[in-house]
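**Student:** Top to bottom, those sequences are chains A and B.
Here the first sequence is numbered in the numbering used here, starting from 1 and rising by one per residue.
Here the second sequence is numbered in the numbering used here, starting from 339 and rising by one per residue.
Hints were generated in silico from the structure; no laboratory data involved.
None of the values given here were measured: they were computed from a predicted structure.
Incorrect hints may have been included.
As the list claims (entries may be wrong) - Examples of chain B residues toward chain A, derived with CB under 7 Å:
1) V360
2) I433
3) E453
4) A461
5) I464
6) V670
For glycine and all other residues, C-beta sits at the position ideal for the given N, C-alpha and C.
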Amino acid sequence: MRRAKPAVKRASGGDDDAVIRTRRLTKRYGNLVAVNNLDLEVHRGEIFGLLGQNGAGKTTTILMLLGLTEPTSGEARVMGLDPEREPRLVKRRVGYLPDAVGFYGGLTGRQNLRYTASLNGLRRAAAESAIVDVLEQVGLTDRADDRVDTYSRGMRQRLGIADALVKGPDLLILDEPTTAIDPLGVVEILDLLRRLVHERGLAIMLSSHLLTQVQSVCDRIGIFASGRLVGQGTVDELATAFGDGTATIEVGLELPGPADISRAESVLRGLNTVTHVIPPADDRSPWQVIVRPAAAESQVRQEILVAAVEHDLRLTTLRPIVPSLDDIYRAAVVRTAA
Amino acid sequence: MSAAGSTVEVARDPLPRAGWRVVAAKEFGDHLLSVRFIVLLIVLGLAAAIPLYFAADQIRSVAPQASGAAAVFLALFTLGSQDIAVLRVDTFVGIVAPLLGLAFAFDAVNGERSEGTLPRLLAQPIHRDDVINGKFAAGMAVIGLVLVTVIGFIAGFGMIRLGIVPHGSEVERLAAWLVVTFLYVALWLAFGLLLSVLIRRAATAALIGFGIWLLVTVFGELITTLITGLIAPAANASTDTILSSLQIQQFITRLLPSTLYREISAVLLNPGVTQISAPTSIGQVQQAQQQIPTLLTLDQSFLLVWPQVVAIVALAVICFAAAYVAFMRQEVRA
Numbered sequence: 001m002r003r004a005k006p007a008v009k010r011a012s013g014g015d016d017d018a019v020i021r022t023r024r025l026t027k028r029y030g031n032l033v034a035v036n037n038l039d040l041e042v043h044r045g046e047i048f049g050l051l052g053q054n055g056a057g058k059t060t061t062i063l064m065l066l067g068l069t070e071p072t073s074g075e076a077r078v079m080g081l082d083p084e085r086e087p088r089l090v091k092r093r094v095g096y097l098p099d100a101v102g103f104y105g106g107l108t109g110r111q112n113l114r115y116t117a118s119l120n121g122l123r124r125a126a127a128e129s130a131i132v133d134v135l136e137q138v139g140l141t142d143r144a145d146d147r148v149d150t151y152s153r154g155m156r157q158r159l160g161i162a163d164a165l166v167k168g169p170d171l172l173i174l175d176e177p178t179t180a181i182d183p184l185g186v187v188e189i190l191d192l193l194r195r196l197v198h199e200r201g202l203a204i205m206l207s208s209h210l211l212t213q214v215q216s217v218c219d220r221i222g223i224f225a226s227g228r229l230v231g232q233g234t235v236d237e238l239a240t241a242f243g244d245g246t247a248t249i250e251v252g253l254e255l256p257g258p259a260d261i262s263r264a265e266s267v268l269r270g271l272n273t274v275t276h277v278i279p280p281a282d283d284r285s286p287w288q289v290i291v292r293p294a295a296a297e298s299q300v301r302q303e304i305l306v307a308a309v310e311h312d313l314r315l316t317t318l319r320p321i322v323p324s325l326d327d328i329y330r331a332a333v334v335r336t337a338a
Numbered sequence: 339m340s341a342a343g344s345t346v347e348v349a350r351d352p353l354p355r356a357g358w359r360v361v362a363a364k365e366f367g368d369h370l371l372s373v374r375f376i377v378l379l380i381v382l383g384l385a386a387a388i389p390l391y392f393a394a395d396q397i398r399s400v401a402p403q404a405s406g407a408a409a410v411f412l413a414l415f416t417l418g419s420q421d422i423a424v425l426r427v428d429t430f431v432g433i434v435a436p437l438l439g440l441a442f443a444f445d446a447v448n449g450e451r452s453e454g455t456l457p458r459l460l461a462q463p464i465h466r467d468d469v470i471n472g473k474f475a476a477g478m479a480v481i482g483l484v485l486v487t488v489i490g491f492i493a494g495f496g497m498i499r500l501g502i503v504p505h506g507s508e509v510e511r512l513a514a515w516l517v518v519t520f521l522y523v524a525l526w527l528a529f530g531l532l533l534s535v536l537i538r539r540a541a542t543a544a545l546i547g548f549g550i551w552l553l554v555t556v557f558g559e560l561i562t563t564l565i566t567g568l569i570a571p572a573a574n575a576s577t578d579t580i581l582s583s584l585q586i587q588q589f590i591t592r593l594l595p596s597t598l599y600r601e602i603s604a605v606l607l608n609p610g611v612t613q614i615s616a617p618t619s620i621g622q623v624q625q626a627q628q629q630i631p632t633l634l635t636l637d638q639s640f641l642l643v644w645p646q647v648v649a650i651v652a653l654a655v656i657c658f659a660a661a662y663v664a665f666m667r668q669e670v671r672a
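Here chain A stands alone, though its shape is the one from the complex (with noise of 0.2 Å):
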């Protein structure tokens, strides 16, 4: 919609490098309430991972930051712009990769692109070399110029995020985008993303249902369940906030008889903070030891290791388990659901 002023105003607070900040954000669809009061915080060279089921409102969140929905109540700031006030500047610095991109079929992956190109005002020049730097990051160069008709799925993806980053944006949303590649593909992709954060120093936020790519690349996620965010933070935040209190360290020990193996069992169990001790099922599994609270885990480590040299116990291996975000993950939607 045109708006009377297009004026930029700057967010006032101008000392935070927050590049996405919601406040109360709502979106309602009759009486289906997409988002939910949503706060959240996205902040420059970081990527941000949003996660949960399809239908849980990432989509929509996406839409409100970008200006292509209108939120129901609350307030947004993308770059310190409203994207309901002045969603043309909010777009000229956002690249946007959707839900199952499509391209023209009949057209070339590079005409394509320049189509992107022109519709953000590019000069010629600036636009041919942009498009040659970005099919290059994606490694799409070979192929630009068939049509992308003949493309594959994990093809279009990578000519979808050229397509994002082709106007230079400072901040990348992309709404999933790994589904439909194989698992090398997926591996190049997150690889490109940690590559641009560091090179370009952009900020990125992408949504995902599939729990390990969010823990292998983001730095921060937040976890959404019907509409609202239940947790943000690193993993290891996460963890904290929710899980059971205990922390788990794999112990591998080489016990020769019977009674080295209850002696063992009686040395670990003798150590602080130690609530559980569970031998192995066989001679070739590590022991796994529970610890409460879960801050106590490093210490209860180096403990191991004493009392190991102490009894005369041959350690193999010694390490922490790190809660997967997979058990994170239902312990949040379990939780806000009870």
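For this one, chain A is given, so just place chain B on it according to the hints.
**Tutor:** What follows is chain B alone, placed relative to chain A:
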């Protein structure tokens, strides 16, 4: 970002001035390279060439006696075959031209939607209406191109094959007819655009558009004849009853845009046509009988069909406005 802060704005390309032009240029290029452009050019060309053949025949036989007759050149467009009266260039163009409008619009918006390109397009820094405006502009440009090509072809054929050269006033009338035809096709283009916004599947939109085209341009006359036949007074009714019934009948036929267009082209292409409405009183009937055949100038002809021209433009505006509003209110996601 520079540290200069408030004094120096971030150095950055300005926002694109006219996003609709970028959209229109891209769409125009797509249309020109599309198969449907070539197909429609051939179809419209055939629709014009077949009656042209008969018209040329007729003119040949008439021309020797008709030296000095008014608007011989325009007869190329209005003369039909002796056996089949509808086999005339203007009638055929009137039937086929709406297809042009529909064909370049029925998948304009829903096509982008189903291809998944719409969210990507709208995420670029353009106004939302740039998309629909650009698509409409591109459609108009293509239609103009096709019409000028086909009508230029007919005119060229007339000049070369028959040796008839148009007079200045005939060229003016031809140009006026071309403009009105263009407006009429723009109406169908706007209608196709409306369908493409409202109907999610391009194939369904095409089918509905085609159905309505068939209903209006082919069966429309049949249906209106049927209705007017039902309300026609008995043969022994008074002259006043017959006249007022005639007016109602005419009103019903004029509900169809195709009738409006036919009336306009009949008047614009033939300076001898001085009346298109049914007489409303016995006095007018007598007047018409006593009238000495005269020729109208172009502006007089225009006065005669001004209401029809306005009606067509108004319909086109209504269709486009409806498409525009519907598009602006739609969610980006289906």
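**Student:** Decide, hint by hint, whether the structure agrees.
**Tutor:** Evaluation of the provided hints:
| no. | hint | verdict |
| --- | --- | --- |
| 1 | V360 | 5 Å, holds |
| 2 | I433 | 30 Å, violated |
| 3 | E453 | 4 Å, holds |
| 4 | A461 | 4 Å, holds |
| 5 | I464 | 6 Å, holds |
| 6 | V670 | 5 Å, holds |
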